[in-house]
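Each chain, written out:
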Amino acid sequence: MTALNRAGWRPEMNAGGADDNVTYTGNRALMLEEPLIFEIGSTETTGVDFDEVAPAVDLGGLARSAPIGLPGLSESETVRHYTRLSRQNYAIDLGLFPLGSCTMKHNPRLNEKVARMPGFADVHPLQPQETVQGAYAVIHELAEWLIKLTGMYGVAMSPKAGAHGELCGILCIKAALEARGEDRRVLLVPESAHGTNPATAAFAGFTVEDIPATAEGRVDLAALKARLGPDVAGVMITNPNTCGLFERDMKAISDAVHAAGGYVYCDGANFNAIVGRVRPGDLGVDAMHINLHKTFSTPHGGGGPGSGPVVLSEALAPYGPLPFVARYADGSFKLIEEESAGDEHPETFGRMTAFHGQMGMFTRALTYILSHGADGLKQVAEDAVLNANYILRNLDDVLDAPFGASGPCMHEALFSDKGLAEGFSTLDVAKGLIDEGYHPMTVYFPLVVHGAMLVEPTETESKAVLDQFIGALRSIALRAKNGDPALKTAPHFAPRARLDETLAARKPVLAWSEPEVAPGAPSLSEIGGS
Amino acid sequence: MRYLPLTSDDRAAMLAAVGASSIDDLFVDVPAEARLDGPISGLPNHASELAVERHMAALARKNVAAGDGPFFLGAGAYRHHVPSSVDHLIQRGEFLTAYTPYQPEIAQGTLQMLFEFQSQVARLLGTDVANASMYDGSTACWEAVVMARRVTRRNKALLSNGLHPHYRSVARTMAKYTGDVLVEGDPTLEAGTDWAALASAIDKETSCVVVQYPDILGRIDDMSALVSACQASGALLIAVVTEPVALGLIKSPGEMGADIVVGEGQSLGVGLQFGGPYVGLFACKAKYVRQMPGRLCGETVDANGKRGFVLTLSTREQHIRREKATSNICTNSGLCALAFSIHMTLLGEAGLRRLAAINHDRARSAAAELAKVPGVSVLNNNYFNEFTLLLPTAARPVVHQLAEKGVLGGVSLGRLFPENGGLANGLVVAVTETVTEEDIAAFAAALKEVLA
Ligand SMILES: Cc1ncc(COP(=O)(O)O)c(C=O)c1O
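If you read the sequences in order, they're chains L and G. Following numbering that gives the first Met the number 0, the numbering of the first sequence begins with 0 at its first residue and continues without gaps. Following numbering that gives the first Met the number 0, the numbering of the second sequence begins with 0 at its first residue and continues without gaps.
Some hints here could point you the wrong way.
As the list claims (entries may be wrong) - If the Cβ cut is set under 8 Å, some of the chain L residues that face chain G in the computed set are:
| # | residue |
| --- | --- |
| 1 | Y89 |
| 2 | A198 |
| 3 | A201 |
| 4 | G418 |
| 5 | L426 |
| 6 | R495 |
Unchecked claim - Computed cross-link-like contacts, DSS-like style, restricted to lysine-lysine with a CA-CA straight-line distance of at most 27 Å:
| # | chain 1 | residue 1 | chain 2 | residue 2 |
| --- | --- | --- | --- | --- |
| 7 | G | K203 | G | K323 |
| 8 | G | K323 | G | K371 |
| 9 | G | K404 | L | K333 |
| 10 | G | K155 | L | K506 |
| 11 | G | K203 | G | K286 |
| 12 | L | K147 | G | K323 |
| 13 | G | K323 | L | K506 |
| 14 | L | K506 | L | K480 |
| 15 | L | K487 | L | K506 |
| 16 | L | K112 | G | K371 |
| 17 | G | K404 | G | K447 |
| 18 | G | K286 | G | K323 |
| 19 | G | K175 | G | K203 |
| 20 | G | K284 | L | K506 |
| 21 | G | K203 | G | K155 |
| 22 | L | K224 | L | K147 |
| 23 | L | K333 | G | K61 |
| 24 | G | K323 | G | K155 |
Hints in this document: simulated from the structure, not taken from any laboratory. In this text, all values refer to a predicted model and were calculated from it rather than measured experimentally. Even for Gly, the Cβ is constructed at its ideal location relative to N, Cα and C.
Just chain L, with the same shape it has in the complex (with noise of 0.2 Å):
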């Protein structure tokens, strides 16, 4: 009977530990232990049922005739498994899911029916141009939104994801730099950044260097300076920064990089407190990306997708990607591909991904921006710049907040781990926030803050929301500065304690295998270190 409660606690398995009220399955009333597909399904198993029965062929040899191991679960234990699964996990449906840098907001229903219109969810990527007319509409209509809020020129579409954006953009200052005939080699990235700014960067074959900060948190504009010269190929900023700092400089950062020839990068990861509020295009920046996923609700469906489309200046908007949506005097759109590219956009640096990008999420942000409009949107960056401010005024006398004093934060506050008890850290907090209820803070991000907890709580928790956040986040910061240690080993009452993450870096395993290994098969637990 093993098979149905592995995961959990087991007959043959020594009660206690942590733990006296042992049950026989391992479940503990609403918390349910679930197994693995593997060990509850059979090869034999189907959940879907078909009107017809196909005849066996014969594929010059290429038939798959050995098993494959795929096990399958009738539609009610489907069901079932993937409920029970849903249910170890914490979401923003659940509670605040302060996450700084991620902007885990509120994601509207809305969204979610929209995108599932047969005219939108069940469309291919390559049906003739004048049957996916109103897709080209939707795509248009966000480009003009995105142009609009940001004060930009132009903007790249098809980018999958945040990471995908900055490539893009990097992709558009190659393709510059090339076009003016030079080979400037040299990003500069502040230590602060997103680890997508150096890996993007290095991806598309620049060299990366560090911009230095200042000791309230911005760029050293002095020493930014100072590097500029003809080997710079341009700067990858983070505006607002990943201190939750406001560049105030950025107009003179733009400046004195365009006057030494290079252009200016901003991660907009953080668009979020500034929407509506401050146009990037106004700050000289030459390329940003935009996470859907972040700033306009798209869902985080647990680690993606997302989308990253890209506002580009008129220096960099001949670049861009193919493909792309052009509108027509007479309303019809048409996609530019690589077939027109040379009439209408003939110095564009290429595709960067079949078909259009995510569609899917352009519904759902399409949809987000129209429900707020502009007026709604200029509130989401005030209200998330309020609450922010709320819970690092509201800390700063428990926890240490590194850039405090240098005035008021935008949506994220940054503290660090000065003045926890000896042996205590970053990490014992997150997890004690996890026994109250809450989803950690962004930990040991950005790099530059020793013990790093970034905040977001972003603009969609109410003010109760808050106030019970900060009672828990003080009652815990105490904690630690006291050296409780009941919380170094925290959480107790999650699905799991803490996990060994040592042991499944050092041994991995990464996919299920059967456990009697037949000798002689390899195993993954015997990957080297090569």
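Position chain G with the ligand relative to chain L; hints supplied.
Just chain G with the ligand now, kept in the frame of chain L:
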């Protein structure tokens, strides 16, 4: 503004609490010249749910949906029937509105699902390991080329001419800037693949050979000989699968020895969605796991000894390794991976094999009917659910004429390879379980009329 819970009283109290006299005090760091005072002009203000739904529904109605009539498009995106429970389950808020599982104690649902997904993908593609997903097939394909460069320390990639032209185009874009050398070209209208020619083109600089299976013309071939040729020269074989349902019927690339297998997982669970979001599959032999891009979920135990799952081997990734990371990918296709995994669980091996057999059977019946249209012939000897028709005239205008008759009759090679006049008469036709015998008859009749 229905998504904003703060009341004006709340706002006033909170401003007072933070010592600000107005909201503008919180935006002091924005230079005055960049600060907007009112809503951006020329844009509409907020709207009710009813009004927005009406606007979006009107746009949706301007599209012809695949379900509106006979439908035969493929070429990298396939229309399959997705069981109702898939969409119901992925809309559970605990999946839909969760973030990347950075706090594993409260994300076991997503993590266990990813572990199951990785296991299903590895088995389907015939490899040891698979990652937690990429954006889509085309970006996964380029990442595989980059990975082969890292593994072999060579930078010449041979792309089969049967590779999807968009995938090729993505690789071309990237290679222009990374210094990778690509050897590539358009397909020719032949029944067989170019794999034998590729095998003889491998040299000591070759990092990888990239083949698609089934390929853009629907052709399938045995890759064992190509695998041996790669191994003899120290190059990796990368197989690209854009129609994973095929692997319920034909041998997997991993079984034939491919080193890296990437693919587009859209066929299972995800739907057409006008091209995205889709789900990139990325799988390889275990010995290359530390060179893989993207997130990996692994099994471990918690402090009480209970089994649990975490994201692992993250020293490959951007948040740890920054410019030295194996890829810049962060957000991937989590929810689409869930949809894929649920659909696969519902099917199980027995269901997948049945589904694949029905697809093939239906395609054979369509090919037979369409080949009866005067002047029309089928290029392929072998295929799964997609084949190339040779028409007596350019296929592109024919597709538009068919659309006027309510038939979405495939993807013309003229659309896919606009610069190559030699391919103009080719029409790629996909036939899945969603196609009925009546659809096939309607297509054949319409084609006959158009060509008459
Ligand atoms: C500041 C910042 N930049 C870039 C990214 C990358 O965006 P994505 O995950 O959509 O690729 C993120 C989010 O993860 C971010 O927070």
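Here's how the hints hold up against the structure:
Residue-level restraint check for Y89/L holds (minimum Cβ-Cβ distance to chain G is 4 Å; threshold 8 Å). The interface hint given for A198/L is met, as the beta carbon of that residue sits about 4 Å from the closest beta carbon of chain G, less than 8 Å. Taken as an interface hint, A201/L checks out: its beta carbon lies about 4 Å from the nearest beta carbon of chain G, inside 8 Å. Hint status for G418/L: violated, given a least beta-carbon distance of 22 Å to chain G, over 8 Å.
Taking 8 Å as the C-beta contact cut-off toward chain G, the hint placing L426/L at the interface is violated, the least distance being around 10 Å. With its C-beta approaching chain G no nearer than about 4 Å, R495/L sits inside the 8 Å limit, and its interface hint holds. Pair hint K203/G plus K323/G holds up; C-alpha atoms about 26 Å apart against a cutoff of 27 Å. At roughly 57 Å between alpha-carbon atoms, K323/G and K371/G are farther apart than 27 Å, so this suggested pair is violated.
For the hint linking K404/G to K333/L, the alpha-carbon distance of about 21 Å falls within 27 Å, and the restraint holds. Proposed proximity of K155/G and K506/L is contradicted: the alpha carbons are some 33 Å apart, above 27 Å. With a C-alpha separation of about 21 Å, the suggested pairing of K203/G with K286/G holds against the 27 Å cut-off. Taken as a hint, the K147/L and K323/G pair is broken in the structure, with Cα atoms around 36 Å apart against an allowance of 27 Å.
Restraint check for K323/G and K506/L: the C-alpha separation of about 23 Å stays at or below 27 Å, so the hint holds. Restraint check: the Cα-Cα separation between K506/L and K480/L comes to about 35 Å, which exceeds 27 Å; the hinted pair is violated. A distance of roughly 25 Å separates the Cα atoms of K487/L and K506/L; the hinted pair therefore holds under the 27 Å criterion. Annotation: proposed proximity of K112/L to K371/G is violated, straight-line Cα distance about 43 Å (limit 27 Å).
Taking the CA atoms of K404/G and K447/G, the gap is near 12 Å; set against the 27 Å cutoff, the hint holds. At most 27 Å may separate the alpha-carbon atoms for a hinted pair to count; K286/G and K323/G meet this at roughly 20 Å. At most 27 Å may separate the alpha-carbon atoms for a hinted pair to count; K175/G and K203/G meet this at roughly 21 Å. Straight-line distance between C-alpha atoms of K284/G and K506/L comes to about 16 Å, which keeps the hinted pair within the 27 Å bound.
Under the criterion of a C-alpha separation no larger than 27 Å, the hint pairing K203/G with K155/G is consistent with the structure, at around 9 Å. With a C-alpha separation of about 30 Å, the suggested pairing of K224/L with K147/L is violated against the 27 Å cut-off. A distance of roughly 14 Å separates the Cα atoms of K333/L and K61/G; the hinted pair therefore holds under the 27 Å criterion. For the proposed pair K323/G and K155/G, the alpha carbon gap of about 21 Å is at most 27 Å, so the pair holds.
Of the numbered hints given earlier, the model fails hints 4, 5, 8, 10, 12, 14, 16, 22; all others are met.
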